[in-house]
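Undergrad: Could you slot chain B onto chain A? The hints should help.
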Amino acid sequence: AQSVAQPEDQVNVAEGNPLTVKCTYSVSGNPYLFWYVQYPNRGLQFLLKYITGDNLVKGSYGFEAEFNKSQTSFHLKKPSALVSDSALYFCAVRDAGYSTLTFGKGTMLLVSP
Amino acid sequence: NAGVTQTPKFRILKIGQSMTLQCTQDMNHNYMYWYRQDPGMGLKLIYYSVGAGITDKGEVPNGYNVSRSTTEDFPLRLELAAPSQTSVYFCASSWGYPHDTQYFGPGTRLTVL
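Read top to bottom, the protein sequences are chains A and B. Residue numbers for the first sequence follow our numbering, beginning at 1 and rising by one. Residue numbers for the second sequence follow our numbering, beginning at 1 and rising by one.
Only chain A is shown next, with the shape it has when bound in the complex (with noise of 0.2 Å):
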């Protein structure tokens, strides 16, 4: 079975400040993991993956994420928040053997000014 966790409903940041949104997973072969964002009253958007390599990811608009394989981790983090940043973001996984992601129940990201 494949299963994400994001373990907080809402993260609170400044404007300027570093951020990171929380992701575990658990898969029983090689992780595939995602993150996505949503935009009020849009679809998601993709930000970035990690499929293999490399266990610093970057991706759009400045984020960035680890992989961590010891801590089953894949938190998405950027060095200075934007106002515009605010969005629902989702963490999602594919273990190897399956052909469908899981996704997590989303993180909402609030940057204040």
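Be careful, since some hints might not be right.
[Claimed, not checked] Pairs of lysine-lysine residues, derived as DSSO-like cross-links and limited to a Cα-Cα distance of at most 30 Å, are as follows: (1) K57(B) / K9(B); (2) K22(A) / K58(A); (3) K69(A) / K105(A); (4) K22(A) / K105(A); (5) K44(B) / K105(A); (6) K44(B) / K49(A); (7) K14(B) / K44(B); (8) K58(A) / K105(A); (9) K44(B) / K77(A); (10) K77(A) / K49(A); (11) K57(B) / K44(B); (12) K57(B) / K58(A); (13) K58(A) / K69(A); (14) K14(B) / K105(A); (15) K105(A) / K57(B); (16) K77(A) / K105(A); (17) K69(A) / K22(A); (18) K14(B) / K57(B); (19) K69(A) / K44(B); (20) K22(A) / K44(B); (21) K49(A) / K22(A); (22) K57(B) / K49(A); (23) K105(A) / K9(B); (24) K49(A) / K9(B); (25) K44(B) / K9(B); (26) K77(A) / K22(A); (27) K105(A) / K49(A); (28) K77(A) / K58(A); (29) K49(A) / K69(A).
Keep in mind the hints are simulated off the structure, nothing from the lab.
TA: For chain B alone, coordinates are given in the frame of chain A:
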């Protein structure tokens, strides 16, 4: 290149009515998916298709049906609408695994009264 398009954007149904949610993609993707999004619950997979003529159930298929007669189109059918089907529905497409980046449509907001 329109990506993934969905119609309608909004719909109100009465209990017991039926309707079809339309989804079309112009990226020649093999895989297509239907998700529903409920507040605080993330995305749940309803059905998916790995190519024309092939469909499979996801996590929450009850009350829904799909067909895939062409690569481009993947309609979702609700036969006897129930209040529990009130949700936002997203269609997505991808090339398929292993890279599996999914591209989402703008969503259909359905209310069953």
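Undergrad: It remains to establish, for every hint, whether it holds in the given structure.
TA: Hints versus structure:
1. K57(B) / K9(B): Since the Cα atoms of K57(B) and K9(B) sit roughly 24 Å apart, the hinted pair holds (cutoff 30 Å).
2. K22(A) / K58(A): 16 Å, holds
3. K69(A) / K105(A): It holds: about 21 Å lies between the C-alpha atoms, which stays within 30 Å.
4. K22(A) / K105(A): The given pair, whose Cα atoms are some 12 Å apart, holds under the 30 Å limit.
5. K44(B) / K105(A): 10 Å, holds
6. K44(B) / K49(A): Measuring from Cα to Cα gives roughly 20 Å; hence the hint holds.
7. K14(B) / K44(B): Since the Cα atoms of K14(B) and K44(B) sit roughly 23 Å apart, the hinted pair holds (cutoff 30 Å).
8. K58(A) / K105(A): 23 Å, holds
9. K44(B) / K77(A): Since the Cα atoms of K44(B) and K77(A) sit roughly 25 Å apart, the hinted pair holds (cutoff 30 Å).
10. K77(A) / K49(A): Judged against 30 Å, a Cα distance of about 13 Å means the pair holds.
11. K57(B) / K44(B): 11 Å, holds
12. K57(B) / K58(A): Violated: K57(B) and K58(A) sit about 33 Å apart, past 30 Å.
13. K58(A) / K69(A): Given pair K58(A), K69(A) holds - Cα atoms ~17 Å apart, limit 30 Å.
14. K14(B) / K105(A): Satisfied, since the Cα-Cα distance of roughly 29 Å is no more than 30 Å.
15. K105(A) / K57(B): The given pair, whose Cα atoms are some 20 Å apart, holds under the 30 Å limit.
16. K77(A) / K105(A): Answer holds: K77(A) to K105(A) is near 18 Å, not above 30 Å.
17. K69(A) / K22(A): 14 Å, holds
18. K14(B) / K57(B): It holds: about 25 Å lies between the C-alpha atoms, which stays within 30 Å.
19. K69(A) / K44(B): 26 Å, holds
20. K22(A) / K44(B): 20 Å, holds
21. K49(A) / K22(A): Distance ~15 Å between K49(A) and K22(A) Cα, so the pair holds.
22. K57(B) / K49(A): 25 Å, holds
23. K105(A) / K9(B): 23 Å, holds
24. K49(A) / K9(B): Roughly 29 Å separates the two Cα atoms, so the pair holds.
25. K44(B) / K9(B): This hinted pair holds, its Cα atoms lying about 19 Å apart.
26. K77(A) / K22(A): At roughly 9 Å apart (the allowed maximum being 30 Å), K22(A) and K77(A) satisfy the hint.
27. K105(A) / K49(A): Between K105(A) and K49(A) the Cα gap is close to 18 Å, so the pair holds against 30 Å.
28. K77(A) / K58(A): 10 Å, holds
29. K49(A) / K69(A): 15 Å, holds
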